[in-house]
Amino acid sequence: MSTDGQRREPVLELRNVDTHYGQIHILKHINVEIYPGEVVCLLGGNASGKTTTLKTILGYVRPTRGEVVVDGERVDGLLPSMVVARGVSMVPENRRLFKRMTVRENLQLGAYQRKDKDEVREDLERAYALFPRIKERLDQRAGTLSGGEQQMVAVSRALMARPKVLLMDEPSMGLSPLLVQQNFEIIQRINGQGTTVFVVEQNANMALSIADRGYVLQTGEIVLADSAKALLENPEMKRAYLGELE
Amino acid sequence: MAARFHRPDPRRTVVLGIAGGLTAVFLSAIGMVEEFIKRSLVDPEVVLGYVTIALVPFVFAYVVARPPPVREGIAPVRPGPLTLAAGAVAGLLTASVVSLFVVITTEVNVRGVLQNVSPPLLETLTFHRGVGQGVVWLLVGGTLIGAGGAAVHLIPARYRRPVVLAVVWVLIFGLLQVLIAQIFRGLKVGDTVNPFLYKGSRGLTIHGAITVWIAAFLIALSLEGQREAMRRRLAEATPAVRRNYMLVGLAVALLILAVTPQILGNFLSEVLDLAGIFLLMALGLNIVVGYAGLLDLGYVAFFAVGAYTGAVLTSPSSPEWNPAFTFWAAIPFIMVAAALAGIIVGTPVLRMRGDYLAIVTLGFGEIARILFLSDALKPYFGGAQGIIRVPNISIGPVEFVTSQDFFYIIYALAIVLIYVSWALQHSRVGRAWMAMREDETVAEVMGVNIVAAKLQAFIIGAILASLGGALFAHKIGSIFPHSFNIVVSITVLMCVIVGGMGSIPGVILGAIVLVGAPELLREFSEFKFLLYGALLIFMMQMKPEGLIPSRQRAQELHQDEAAQDAWLRREALGDTEPEPAK
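As they're listed, the protein sequences go chains A and B. First residue of the first sequence? That's 1 in this note's numbering, and the numbers climb one at a time after it. First residue of the second sequence? That's 1 in this note's numbering, and the numbers climb one at a time after it.
Misleading hints may appear alongside valid ones.
Stated by the list, open to error - So the derived label-pair ranges between C-beta atoms look like this: (1) A/Asp-118 to B/Ala-215: 52 to 60 Å; (2) A/Thr-64 to B/Pro-323: 48 to 56 Å; (3) A/Arg-189 to B/Pro-239: 33 to 41 Å; (4) B/Ala-452 to A/Gly-174: 54 to 62 Å; (5) A/Gln-181 to B/Val-168: 40 to 48 Å; (6) A/Lys-135 to B/Ala-452: 52 to 60 Å; (7) B/Ala-452 to A/Lys-28: 30 to 38 Å; (8) B/Val-248 to A/Gly-143: 48 to 56 Å; (9) A/Asp-118 to B/Leu-250: 26 to 34 Å; (10) B/Gly-533 to A/Gly-143: 25 to 33 Å; (11) A/Ser-227 to B/Met-352: 56 to 64 Å.
Bear in mind the hints are in silico, worked out from the structure with no lab data behind them. Built from N, CA and C at the ideal position, the CB exists for glycine as well.
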């Protein structure tokens, strides 16, 4: 984990981003910076704008003001497929594997944008090393896997794009405590191997326990931004998000 | 642990028995039974009308008596006396409903509403014995047939399939007499075989039917044990060996195709030509619907674009402008025109999914037909008069004139397009299509350009259909707007859905059966769309993946049985420990 990342260029940056759905102002002057090697989390309750933030990064929603920058290059206004080509990939909420396709085909689709076949093969091997389970299941339909295995495939699929930054949408949503635990261990492992991760999460305790830094989003505004440790100590945070009663 | 006897659900027995009766009444009231009564399958007594009506209690009783599917945790049951009884009751109920119908319609004249409920129909249903005696015959017959349907389950598993299959083959031999007799003639054995099998045009002879049954039974029986073994051998084969199998299969298929028109003669080649043209379209629609998951109900538009472009460019009497190209010179232009049409239809519907897409494309299909029919474009496309004198296709000095000649062109193109479909399926864009079909949003997150992928599907689908259309124009020699109506779109879609969406062998089977069979079975032509509809409902309920699914599911389907075996073994050993958690 790198705390000295501040001196480097951010790999993903939202600069003063505003987003509207028609007349409704969703995101208000959002500023987020993610540096290489970090795990950063974006916390917030329902309707706080978490999902819109992800959609804005990926190009599903065009910001009305501000810039989205990936590795020094502006990506706002590009199609999702072009944003992905510039090094952003995502593990969607509830995994959303291609259930009727095999595990192998799921992984191949993760590398859809890549032309470097030899390196894709290397990355496949890396995925097997990371999750040996996957290799046993390669020719099985993804829908027949257990929840934990599906999560491994979803993460591997996103990693197959060799992303500069990996977005994770609600990795704890709708999962049993054991699987949530397993999920966050996966995040730590892939971060340990050098992947930068941006986690969008409601479960603040869990997310902060593995993150370097965190942002707190409330009705479209960033109300807190600090290191994970500081956020865990923050009294306001404790009251509103960490479920501790005074 | 001895298996218990199966006890069919009484309520289900009653419900299905009555449903069977209503089905039989329906088939009678729409005139099917009367229409079919003239067609003899086996001389002298087995006529299609009675076979149809007898099949109803047979099938319903079979379903009633079917033991529950094998599932983990449920001990299997075996069919017993109650199975037979349930089948008999269902058959009796079916016959009772029919009897009631006969009695009522004898007393009350319903012909004002149900035109086909005629005195001859009632005579048919009472076996020309009057109402009183006829009803007794109906009830006794229904009960026996119902018991017979249930008795299928009592046949030892090893023989069950062969026995039933052999009966089906006898019926097929009777139904497709024209085709089969012609095949024997084509093979130069018609003079000896046909008089033995068939009695004039009155269907099979008795000894012919028995011979067919025995032969089919023996073949099915010998194949029964080997099916599993063959599948296993194929699954275990190395890629090189599998490729050899494929090459041998391909060679055999080509050989059969090469001699088919000569054996089948002109009329049957004509039928296969039509099926082939629909196959070309179905291969194209399979890309749009099967691979990319875009439901297109106006596919006929592209067929029409191909036919009209081809006709305008090649016919010496096309209005306004007639370069009188050869077919081969016109092909590039046809493909470009189709691609443009694909873009025109594809662009406005890019943002639509599912139902909306289907409705909009339906509109485009009609627009295309109306444009070709319109007075505004009459100078170019001839309006209702269409375009005539589309020349034959020729290669150098060889001109393709008869339907036997055309067979080679159509199926040569089909082979090319099958290869193209196969290559696309395994290409990068093929993967993108399938991902898009499964989950458009996530496909986009994987970096698939949805706009491009959709347009590619529309364009390639359009080009395939246009080639079919062009061949159609040359084959018929003249084209008119009314040939390009929605029925074409629906028929092609049927081929894809019934065959198996995304499955090339499925689409081939679908086109040959759904387009070819109605041409051969003239009795059915009046009921073609009724049967299409019924088939579609049946397929969606029972086999939504199609006749030949795009991926072998055998393994998955057998997992249930394996799990039950494992469970039974544990029971037998008295092993009460739960299975270790994964």
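Check: Which numbered conditions among the earlier hints are violated in the structure presented, ordered from lowest to highest?
Finding: The structure breaks hints 4, 5, 6, 8 and 11; every other hint is satisfied.
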